[in-house]
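Based on the sequences and whatever the hints tell you, model everything.
Protein chains: 2
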Amino acid sequence: MTAMSTMASEYELLTPETVASYIASNPTLAELVDASTLEVAEVGDGNLNLVFLCQDADGRGICLKQALPYVRLVGESWPLTPQRVLAESRSLSVAAAVVPHLVPAYYGTDEDRYVLAMENLFGWEIWRSKLNRGEIHRGVGALLGEYVANLAFSTSLFALDQMEVKQQTAQAINPELCRITEELVFTEPYIEHDNNSFVDELAPEVAALRSDACLRSEVGLLKHRFMTAAEALIHGDLHTGSVMVRSTDGRGDARVIDPEFCYYGPVGFDLGALIGNYLLARGRAAVLYRGAEYCEWVAGLAEETWNAFEANMRRLWPTRVDQTWTDGFLDAWLQQVARDALGFGGCKAIRRIIGLAKVSDIETLPPDEHLRAATMVLRTANTWIKERQQLGGVSAANEVFLEVEAAVMQND
Amino acid sequence: MTAMSTMASEYELLTPETVASYIASNPTLAELVDASTLEVAEVGDGNLNLVFLCQDADGRGICLKQALPYVRLVGESWPLTPQRVLAESRSLSVAAAVVPHLVPAYYGTDEDRYVLAMENLFGWEIWRSKLNRGEIHRGVGALLGEYVANLAFSTSLFALDQMEVKQQTAQAINPELCRITEELVFTEPYIEHDNNSFVDELAPEVAALRSDACLRSEVGLLKHRFMTAAEALIHGDLHTGSVMVRSTDGRGDARVIDPEFCYYGPVGFDLGALIGNYLLARGRAAVLYRGAEYCEWVAGLAEETWNAFEANMRRLWPTRVDQTWTDGFLDAWLQQVARDALGFGGCKAIRRIIGLAKVSDIETLPPDEHLRAATMVLRTANTWIKERQQLGGVSAANEVFLEVEAAVMQND
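Line order of the protein sequences matches chains A and B. In terms of the numbering used here, the first sequence has 396 at position 396, counting the first letter as 1, and numbering is strictly consecutive. In terms of the numbering used here, the second sequence has 1122 at position 122, counting the first letter as 1, and numbering is strictly consecutive.
A few of these clues could be false.
To be verified - Sample of chain B residues at the chain A side, in silico, Cβ under 8 Å:
id	residue
1	Pro1175
2	Ser1217
3	Thr1228
Note that these hints are calculated values from the structure, not bench results. We put the CB at the ideal spot given by N, CA and C, even for glycine.
Listed below in structure tokens is the structure:
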């Protein structure tokens, strides 16, 4: 059994062998599964944590997630507070109240050993993997817009008294996790940094980005917004690898996971994370010449998510606690969120091409396709960021991509 | 001796008779003045606190400020945490470190009785009173720009590690005081509310403001920014009644007081408070036909403050802790602050005409002049708020006023 030391104290890490006795010793968890017949698999393929999927002989399941005191992707040289599991439990608790159909059931958190227990999502799969295979899951984009809107509304000053929002904002600060985003998303891709990597053929595109003073100042404004705009308790890392998906009778369903980066930030950041990752999937689809049905579906995801977000915000708006916020204000605020979403979406896409923590959408492509897709993503993202004020909304995201795609494909 | 009860506990209020023994019992304060020869005057003419000015036989002085557990302007029916004295001490401590020449010397805070001790500014006077008399104090506008820039820079992520900023932001939340601003500045003037009052002749102007959907949504965006944009530890109430002034050999000097509304908010709010109050002074000067020298000086205050703010930000910029913020970002951020300043300035001016807590600049005018000045202020503020994105900076504030002034004067 490994003992990990943190700034605060040491705590025992779980192993597949110790999970059953851990569950047996916890009355709440012991009721959910039969610990004596438990099968346990450690499947943490993410960047930060241990994840144990457990199933008993009757088919009942549970998922345990234990925070490591360092970044798993990098190793013990990059320490990271395991307290982040408390951030995850904060977000999951809110989501369980307002969108229980869009998150795994939440069973509680062990604050001494930084273990969070939740539903084992049998039969679900990470959305990114399905996108990579070209699978269509209709309606998932809309469900994620619904998720963002409900989390945002219910934790913001639209739903809570201002005193409550300010106390929640203070309690939910998550500086260590935010620092990762600040550095990996908004800073490192635009400078020389050991964390960056890309194929040589992409160097001219990267150099162009880095020497683009306008892009750099716009990315700076977005970073500043990420660091100062405390609008609502956002997920903070809502890419297509943070969504579990399955389809039944042609309708997709979704469960949002991994909200450990949550903090009070700009609502457009969650939408941007989705839109930026849709762009990565779109680039892949384009260079692999996926069929028209799939391409059109992926092309429509950004607007599908936005429309559901907007519809849910407008549905909730009449319930706002302070009725002196006018309808005109909502329109103006939504426009601002849409601009943020395009800008953040661009930043989230660029970091996946240049910076640390690549994505399989692009990394698993053959060399020529990789270069074309990466180029499309960088150029589209650049325009989203710089022209987000003028583009007039998320629906324009698609047109920008189509122009870039045509130019890149023509050059080959 | 009056005992006040708060949510937390009871504490004794000071009176002119008990101040000397209070000072004698505090070793730090007892060194500053001779408590046995102390003369004490209670001069709290503000809206919130008890203020005791003390002087001993040798002419040495001290000022004690004790927070009441309610809003003095309204009475015990409006309770308000005396903890706000801790907010004031937070801001004063920072200012003492970065702009000691622009704040009263700070002698410490008694957290049990909510008493803050500072320099007794003999010979200084509230700036608003001097403006009302038409006195020129050259350079004061620039000093206030210097104050805002240094406070903003030194408490922001430009000067502090992001972890420190987030912890400071959480510790400095000041929801009860912020609520006053949210309600009195951004909400009540635009709706029917018992706190509002204005002469009947102004009713058409007020009705026009309230029915202006564009203005209402822009004020909403500014309120939302005030409630969510945690850029730096701002003063939070920087009107011309929060500035003490005197002149020596034709050069004005300034001391900023009363930062109890401080919290992490948008930097443009402090600049806006100044600019909005310059507008009130300007309206008064216009209708009283003050001499050209005075009018030109008041007309130049907004730009003088802005230019000093910008110059100080640019002077400090090379010392930023994160050098990946580009110079282009600074330009873009300053442009955003200027827009905020115009918008917040408009809101601050309007509330002084319509809402609770009027200002003597306008209230002491004879009826005809009062109406003309109030009309000028409302119309100028309206344009600042709605056109702040297009106006191109604080220098345009003046042109808007000149157009409005000409129209109002012509109609008489």
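Cross-check of the supplied hints:
no. : hint    : verdict
1   : Pro1175 : holds, 4 Å
2   : Ser1217 : holds, 3 Å
3   : Thr1228 : holds, 5 Å
Taken one by one, the earlier hints all hold for this structure without exception.
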